[in-house]
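2 protein chains.
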Amino acid sequence: MNEENNTSESHTDVLIVGAGPSGLMTAYWMARCGVRARIIDKRGTKVMNGHADGLRMRTLELFDSMGIQHRVSHEGFVTAYAAFWAPGEDGIPIRQNTYTSAKINESPLNNMLLSQGRIEQFILDSIQEHSDIQVERGVIAESLEYDEQQDGNLEAYPITVKLRTLSDEEASLATDPENKSKSQVARNGLYRSNLTADDWDDLIHRSKARQAKTEIVKAKYLIGCDGAHSWTRKQLNIPLEGSSTDHIWGVIDIIPITNFPDIRRLGTVTNASGTILVIPRERNLVRLYVPVQVVEAGTTRRFDRSTITPEMIRTRVREILTPYTFDFQICDWWTAYQVGQRIAPTFTKGNRIFLAGDAVHTHSPKVGLGMNMSMQDSFNVGWKVALVAAGVAHPSILSTYHPERHRLAEMLLDYDRHWSPLFTEMKSEAAESPDKTQTMIKVTELFEDFADGLKAFYGASSLVWKPEGGEEVPAVARCLIPGERFPPAKLRNQAEGGTHWTMRLMKSDGRFRVVILAGDMRKYEQKQRVHTLGHLLAGHGAVNGSLMRRYAPIPGRFDSPLDLMTIHSAPWAQAEFFDFPDILRPLDPVMGWAYGKIWCDDAPGWDRYCDGRAYETWGVDRTRGALVVIRPDQYIGWVGELENVDQMVRYLDGVLVRAGNARPKL
Amino acid sequence: MNEENNTSESHTDVLIVGAGPSGLMTAYWMARCGVRARIIDKRGTKVMNGHADGLRMRTLELFDSMGIQHRVSHEGFVTAYAAFWAPGEDGIPIRQNTYTSAKINESPLNNMLLSQGRIEQFILDSIQEHSDIQVERGVIAESLEYDEQQDGNLEAYPITVKLRTLSDEEASLATDPENKSKSQVARNGLYRSNLTADDWDDLIHRSKARQAKTEIVKAKYLIGCDGAHSWTRKQLNIPLEGSSTDHIWGVIDIIPITNFPDIRRLGTVTNASGTILVIPRERNLVRLYVPVQVVEAGTTRRFDRSTITPEMIRTRVREILTPYTFDFQICDWWTAYQVGQRIAPTFTKGNRIFLAGDAVHTHSPKVGLGMNMSMQDSFNVGWKVALVAAGVAHPSILSTYHPERHRLAEMLLDYDRHWSPLFTEMKSEAAESPDKTQTMIKVTELFEDFADGLKAFYGASSLVWKPEGGEEVPAVARCLIPGERFPPAKLRNQAEGGTHWTMRLMKSDGRFRVVILAGDMRKYEQKQRVHTLGHLLAGHGAVNGSLMRRYAPIPGRFDSPLDLMTIHSAPWAQAEFFDFPDILRPLDPVMGWAYGKIWCDDAPGWDRYCDGRAYETWGVDRTRGALVVIRPDQYIGWVGELENVDQMVRYLDGVLVRAGNARPKL
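Residue numbers (full-length UniProt numbering), protein chains in the order written: chain A, 1 to 666; chain B, 1 to 666.
For the record, the hints were derived by calculation from the structure and aren't laboratory data.
Identical chains share a label here; the pair holds if one copy fits it or two copies do between them.
Under the rule of at most 20 Å between Cα atoms (straight-line distance), these lysine to aspartate or glutamate pairs were calculated in the EDC-like manner:
| id | residue 1 | residue 2 |
| --- | --- | --- |
| 1 | Lys103 | Asp611 |
| 2 | Lys466 | Glu643 |
| 3 | Lys507 | Glu282 |
| 4 | Lys507 | Glu75 |
Next comes chain A alone, as it looks inside the complex (with noise of 0.2 Å):
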């Protein structure tokens, strides 16, 4: 106790701000890890409806390794079709241009529309199950120290954090601080609005005048997810850099009723009142994006928002999809943003403490990537807080969160500053309007394989080794690029002929995953080249002693922190499961011999997805295979010959805290 006569003090290892999609991500980790972990949120309760929808592919393979994927994809809206209308040569909307991603293929996972609310619920169902970690709703933080002297030491606790429990009234109002009145159609759409300032401050002053609870909390590690307002980043003195535009836009969740027969197709209408954005959801909902306000140039005075309403957003959508009629009974959510591209400079402090999501950049919401960004960040930052916490990998990996994630932020931006015009260039006479859609197009197809998530673009680092030379791609696995995600296929276990997608088998369980692309085990030649790489990994060669020993467990989860998992070329009625070195389908006294663990890239004729070219997708030559590491977030870390153990052992010893060996310093 101090000098509040209700402050208690406690430890924990890492605190998250927070409790959005990028919060609860982060905390998923720590739940899977083991990590002594708290996350707060100053709202009561947790978002039900409205906000964040889109679900990029990339995101979706994720959720699949966490586990959580069968329940998105159960109630979810799958988007692989697009529609752009405008004016045709008498003024009334056509189709002027239809799309289909060209990418559709190379993720099982379409792109689907969902909720936010519900996929925070399913990551938290996740973390439930895995751990003791509860979110402390109606809790704010109040004050930060980080004792920078105390980074060398990795038992120390150099961030305080004092937080604060609200009351239930301060946190309702923290949820939705305009609604007095529940008995309105729609939820109040300002809340969490970029137009709206932010009530943090607010609140904690009513908190102290009622001297509530706090508690100081010292930290190893902080995790600020806590929006574009961020406490956290402002704690810090990181600023947001960029510049707003002066459009103002309304965003509306309703049931259509309409005869405009696109309203169930993601597109865009356009005509000379202004661009429409489209998003067909799940419940029969409809989200549209609508230009409302130009922001008068040059003034400083704060936008009027008392002027937004969802009349006032009916009647724009009616303009512009004129001659079609349009009007809703039901509103679920609606709420205005301020359209703007800012991005913070750094998104960590001494690697101490990170930021993640809407707290480092913010972004017009029509791109449908803000949650995929925020959560994949926590993805990102994560696991690699999670494993230095646990003591299993080098302090040194954090230092890879800011150039992994800031020049995907710096993409992210580029691809709003991009695409965002397109929708108030008010160019929008029937002659240009073909010019226009077909511009949309080409900036979707600029963008869609860094929007979809199917490239990362994550440079050289410790967790990224590049092939030497400066060869961009390995000659070996010509698709198993260094720092690019691992691209799924659908393979047949062994010993039980089952199909299963490799994202499903990567579990998202803080493990490195050794693969083993054993290529076709009949030749006599390749055979014995996986049993010498057998016997290298049992520690009979260039690795002194098991590689599965030679690193730091994961406390209470994995004696080790590497996975293996062999997958080889062979038909699958060739091979048997005994065929390959125990070293890769280990035997447990009590568990048996690991099924799980040795793959066949073959077809077995009842899959249509499971259709044996998995090497192929992986540029891999099916004879010879190939050695890979896959890092916990199912990136690409190294890859290599069956042959190269020592050199992808280096690469490990530079990642994972050797087995016994005292904590590194930082």
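Following the hints, put chain B in place on chain A, whose structure we already have.
Below, chain B alone, put in the same frame as chain A:
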């Protein structure tokens, strides 16, 4: 309150005895159709491990129509392959034959294995989502009276059951009568084995001595899903006819430690010591069926069950797997049973009381069908009782339950009579073993359509219209045969562009589906036919008033017990939602147009299962289409041309109560 001080009296429409898979499936229908129902179970807790595990394609299709299949797929183990081992020429066991189902592409869902306890949980969750029905556990029925005089009055409650609430101790005794010690490795396996006596009377006796709380329940309908020892069946004096063989089998769920290569593949292993059945399942478990003893022929003495132990089963498995090693440390569950085939001559009493599942048919569990047959019994009787109790359907449909399901139960026993002896005939010489494994494959193939649920053989009735002139196959839709399942296909939504399986579209919500296979709407004549049909259905012709208002609603759920669904065959991009008649895509003033009702049989190019071949699967002309009525349980009721509306309405009139009409008498 009556003779006992603590007896109350209440009314319910439907009382279900037993909350295993069969009872829960019945309760599901009451939940979906908003019928007042109660479900009791003598056991104090839900089944957690062991018991049934086999799930056939058709069961999974029904799960999908209930909205729970994604959870089963996430956890279950797919079996698409089987291996039959027997001694080779040198006496060492080899894979004599392997087998992949020829039917595997006839359903999008493959046969699976998953523990009964998980299935029960999924159905329970669905019941909870749709109703307030709760399983009343630790409740037993003590007496049953049925007043046949009241049969003709649908508002009467001719059934009187006295319920008794067990104490916690009694209820846990019911859960596991022989296991007092919770420290054993596996629960005592003889609970619910057919080798143990029924404990129902004993529980009533104990409970009476305690002066337990009792309740008189008056019900309109009673459904007994209370297993092989069915108390309900005994009260009705309905026998189980058939015989037991003299073979005792053990069943054990273990995590195996063995170098037998196919321990994770479905299959059999035979040698001179006997035959075992190997069934891999979720969580590394393998189930083994093992012959343990032959009862002396002609003895009436009860089999000495104390001689069967996991240790004895382990020894038997070792004998049969020789020279492969075999051991286990984890035994999750085990039991033993005496092989026999028995069936009740009738499944109903006065069409007010029904029996389903093991209550009316018992067989050896080795065909992996028991849970499927039991759930499908309930799925069949459940919707019929629910719709009659809700005043939606004529009571005459209740008389279709016995003939539809009794015939299949006989086939089940026939299958078992062919299959079980293959495990006990001891012809294991090397020269004969290939013949034996060949016979196993032949028997499997012979019963495959039936076992997987791909054929139902439901005969002509008020619910199944058979073509006139005695042809089995309707000319207009050669593969849509009344009385059979509607073969699943993946379709593209016209308004949205997304792809969905028909079994998920045809939700098990109590409604009949009128499926308009609209053919190729690009052809002028065909478009005219479809619009003429729309005209008729809307009540401007043969039907007097709109078909959608012709029948009594499902109270509190749907305004009409019919759901119209249109599937056309033109290319998706060449059709529009608004091309179709109003009645096929109705407008709701709040919910807008019914975008979910118009579907297209076209391949989008990005979904390998949506291949644009549904019309071919159904044997329907792509230009001319057809008209189909599908029952609430996804079986086909009626098939005709688009012009045969009068005939279709006669079919529906025979099943459904006209709107505004007084309730018909029995």
